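Listed in order, the protein sequences are those of chains A and B. First residue of the first sequence: 1, per the numbering used here; consecutive thereafter. First residue of the second sequence: 1001, per the numbering used here; consecutive thereafter.
Derived by calculation from the structure, the hints in this document are not laboratory data. Incorrect hints may appear among the rest.
[Claimed, not checked] Quick list of simulated restraints, FRET-style, between CB atoms:
{"no.": "1", "chain 1": "A", "residue 1": "Asp365", "chain 2": "B", "residue 2": "Gln1293", "range": "53 to 61 Å"}
{"no.": "2", "chain 1": "B", "residue 1": "Ala1175", "chain 2": "A", "residue 2": "Asp79", "range": "30 to 38 Å"}
{"no.": "3", "chain 1": "A", "residue 1": "Gly381", "chain 2": "B", "residue 2": "Arg1290", "range": "37 to 45 Å"}
[As the list claims (entries may be wrong)] Here are some chain A residues pointing at chain B (derived, C-beta under 7 Å):
{"no.": "4", "residue": "Ala51"}
{"no.": "5", "residue": "Ala57"}
{"no.": "6", "residue": "Glu256"}
{"no.": "7", "residue": "Ser258"}
{"no.": "8", "residue": "Pro389"}
[Unchecked claim] Far from chain B, by Cβ distances over 12 Å, these chain A residues were calculated:
{"no.": "9", "residue": "Arg127"}
{"no.": "10", "residue": "Ala210"}
{"no.": "11", "residue": "Arg353"}
Predicted, not measured: the structure shown is a model, and the values here were computed from it. We treat Cβ as the ideally placed atom computed from N, Cα and C, and that holds for glycine.
What follows is the residue order along each chain.
Number of protein chains: 2
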Amino acid sequence: MRIDSVDIFYLALPEILDIGDGSQDMALVRVRAGGATGWGECEASPLPTIAALVTPASHSACRPVGESVIGQRLDSPQDIARIARAVGERSLDLLQAAHTWSGIEIALWDLLGRVHEVPVHQLLGQRTPAPKTPYASQLFGDDPQQTLDKARASAAAGYRAVKMGWGPYGRGSVAVDADHVHAAREGIGPDGILLVDAGTVWGDDVDAAAARLPALQEAGALWLEEPFVSGALSSYAALARLSGAVGLAAGEGAHEASMAHHLVDHGGVRFVQIDTGRIGGIGPAAEVARYAQSSGVQYVNHTFTSHLALSASLQPYAGSTSDSICEYPVELSSLARGLVRQPIERDGDGLVRAPEAPGLGVELDLDAVRGYLQDVEITVGGRTLYRTPDLVP
Amino acid sequence: MRIDSVDIFYLALPEILDIGDGSQDMALVRVRAGGATGWGECEASPLPTIAALVTPASHSACRPVGESVIGQRLDSPQDIARIARAVGERSLDLLQAAHTWSGIEIALWDLLGRVHEVPVHQLLGQRTPAPKTPYASQLFGDDPQQTLDKARASAAAGYRAVKMGWGPYGRGSVAVDADHVHAAREGIGPDGILLVDAGTVWGDDVDAAAARLPALQEAGALWLEEPFVSGALSSYAALARLSGAVGLAAGEGAHEASMAHHLVDHGGVRFVQIDTGRIGGIGPAAEVARYAQSSGVQYVNHTFTSHLALSASLQPYAGSTSDSICEYPVELSSLARGLVRQPIERDGDGLVRAPEAPGLGVELDLDAVRGYLQDVEITVGGRTLYRTPDLVP
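I would like the entire structure built from these sequences, with the hints used as guidance.
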C-alpha cells in the first residue's frame, strides 16, 4: 500500500500552567494508507512540529518531513526503516524534523500492525510481552510534607516503585532537597523502589549534583535521573564515578539513537531512558534497547503523556525480561487521559505489559478530546501550507 | 536597555533547487533595543524557526523562544549569556529552539557592539583580527571535468585553498570519487590547500569512507569533512585511526557546544567546524574555540550563506593566530549576495579578517532583498501568532 496522508493535530488544555507537566498539550499524528489508519504522538511542541511537516524546502538536506513520507510504499518494517533514512538525509538540517518524524513513525507501526493484525512488538520480533514493574511518575510536592503525602498515596494505590521529579528539587538548598528525598522514602516505605528525577536542573555542574548524593544514598534511591542536560557527557561520567549504589539515568532528550549510545559509551549511565516520541520513533528506540542490553545497561521507557504514547514507549523492549521497570504516568491531564478508551492498566500483581491487540493496541476516543483541538493555519507567500483537517469524520 | 522586539524574516529565491546550496533561502533576525537595531541570521529552515519563536507554551521546559528574550535587559555580554541560559532551560524540549536562538543571539551581539561602538570580537576580548586563509567553498562538479574546471577557476581567482563538497561525491563508485579528488588537486595546483566535504554521505559506514582514503592521501587533502552524521562518534574515531595525514573535520551540525566537545573528546577530529547560526550563536562558538585550542584541535568557521553570517562566524576566533583557515562561500545566491552592501573582501595577500566596524561590521541593503520576502502568517485557535512585519520601514 501507499501512504495517502499525514496529519498532525494540535490539542491543548484551555490553560497551560508553567509546571513540568508534559501532558498539557499534544501533537497527535494520523497516517492513512490502504484504507487503514494509524496513530502516533510526538513528544514535542506542536506548532514547530507541524511547521516541520509542511515547510517549503530550503535545500537538498533541509526539506519538509511530509515530502519524504507521503506517497511512499508501506508493506513491512523495512519500509519504515527506508523512510526513516530518507527523512534523516533529506531533513538533516531541519532540527525539529526528528520530533515530527517520531510521531509519524509510531503511527506507521500502528498502521502496519493493524493491517497485519499483530501487535507492534511482534513486528519487532518480540513474541510475548514481559511484565514490567510500573513506577508512578509524578512531580515533587511544593514542600517535603506534600512530597510525603504524594508518595504515601502512590504506595496506597499499590505502586511498588515511585519516581518524584522536577518541582522544587535542586532549586533550593541541599538540606531541603534531602528532606524531600527522605520524605519520599518514608512515604513509599522501606521496600519500595525510589527513583529521583532532577530534570537537568544542574546543567553540567558536577559539584551541585554530588552534594545531593549522600541523601540519595541514605534513602536507597535506585537512580538519580537527569542531573545534567543530555549533552554533558563528561559531567555524567564524573558523577557516575562518585554515585556508588545510586545509578545515573538519562536519555529522554535523545532525538537520535546515537545520543543514547553516547550516554552509554561515555556517560557511565546505568539506565537509559528513551522517549519514542522524540528519538525518531519505535525503530531507533528498539536499536537503543539492543545496544543497552549488549552493554549491561538497563533500558527504560520515558513517557509522560497519553497511553497511546505509553504503548509506543513499551514496544521497543516489550519482550525483554531483563529490563523490568517502566515509567507509568499517574498525573495525566484530562486531555491525555481522555484520548484513550481503555488505558493500559496494572494487572492483579501490579505489573504492566504492552498491549496484545493489533498495532499499538489502544483505541482512541476522538469525541472525548475534540474540544481540545486547536485549529492551526499556516500561510507562506499567500499559499496555505496547513489548515487543521477534521479530527472526527 | 531593554529588548523591545524580535522579528524573523523568511526570504527565499523564487525557485528552490534540490541541490546542496544553503543560500537559497534565509531566516533573517532583527532585534531592537534602546533605539538601536541588530541583525543576525539563523542557519535554519525559516518556517519552523519562526514557529519556535512564537509558539504557545507546552509546559515549563517547552516554551517559545521569544518569551525568554523580549523585555530582557541588554547592557553587556553577561546579559546575552543570561538570556541564553534562560532559553536553554525554558525551551529545553523545543528542539528547533537552538536554531531560532542562534540568529537572535547573533543579532544581540551586533546590537551591543553598535551601541558600544566596538566590533563584536572586542566584546569577546579579542583585540586585533588575525588574517585567515579563506577557502573557496563550492559544490563538486557533476563530473570530474567540471570539478577540474571549477578548481582551476578558484585558483585563477587567487584562492590558495579550495574545498569541494557534496554533489556526486560518495554517491557513485570509489573510482569516480577518486577521479573527482584528483581533478580538484590538478585544478588548484600542487601547492594549494585541498579540502574535501563528503556531506555526511556515508551515514556511519566506516568501510565506505575508508575506501576513499587512498585517493585523498595521494592527492594530499588536508581534511575529509563530514564523512558521517554528527552523532556517529565511534565511526569518526575508527576512521581517524586510519586516515593518516588526512585529518577529519566535522561539527557544522552541532546545535549545542557539547556536541562539538564530543567530536573533540571522542571523535578524533583534527578540525572542528562551527556554524554560529546553529550552535546557539557567537557565545557558545567562542567557548568551542577555546576548548579546541586547549585540545590541540583547529577551529574553523562554517558558513555557506550571506556575509552577515560570515562575519558572525568569524567573530568567535577572530583574534586567533593558530586557527588560520576560514570558510569563504563563493557560490552565493543573489539573495545572500544582495543582503550586504560591502562584502568581506580578501586583502592584497588574499587573506580575510573579521570586520573592524562596530557590531558585526556589515551594513545591510534591505531594499535589495525585499523582493525575496515571504509573508508568513500563523494562526492558532483563531489567534494570529505571527504576521511578517515590515522589513523596510
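Assertion that A/Ala210 lies farther than 12 Å from chain B (Cβ)
Holds: least Cβ distance 19 Å, greater than 12 Å.
At a threshold of 7 Å, is the proposed contact between A/Ala57 and chain B supported by beta-carbon distances?
At 5 Å from the nearest chain B Cβ, A/Ala57 passes the 7 Å test, so the hint holds.
Does the interface hint hold: is A/Ala51 within less than 7 Å of chain B, judged Cβ to Cβ?
4 Å, holds
Would the non-interface assignment of A/Arg127 survive a Cβ cutoff of 12 Å against chain B?
30 Å, holds
Against chain B, run the beta carbon of A/Glu256 and see if the smallest gap drops under 7 Å.
6 Å, holds
Please test the hint of 30 to 38 Å on the beta carbon pair from B/Ala1175 and A/Asp79.
32 Å, holds
Supplied contact hint for A/Ser258, tested at 7 Å Cβ to chain B:
Check passed: Cβ of A/Ser258 comes within 3 Å of chain B, closer than 7 Å.
Does A/Arg353 sit more than 12 Å from chain B, CB to CB?
28 Å, holds
If I claimed the Cβ atoms of A/Asp365 and B/Gln1293 lie 53 to 61 Å apart, would that claim hold in this structure?
58 Å, holds
Supplied contact hint for A/Pro389, tested at 7 Å Cβ to chain B:
With Cβ-Cβ at 15 Å, over 7 Å, it is violated.
Quick check on a hinted range of 37 to 45 Å for A/Gly381 and B/Arg1290, using CB atoms only.
42 Å, holds
Consistency with the previously given hints fails for number 8 only.
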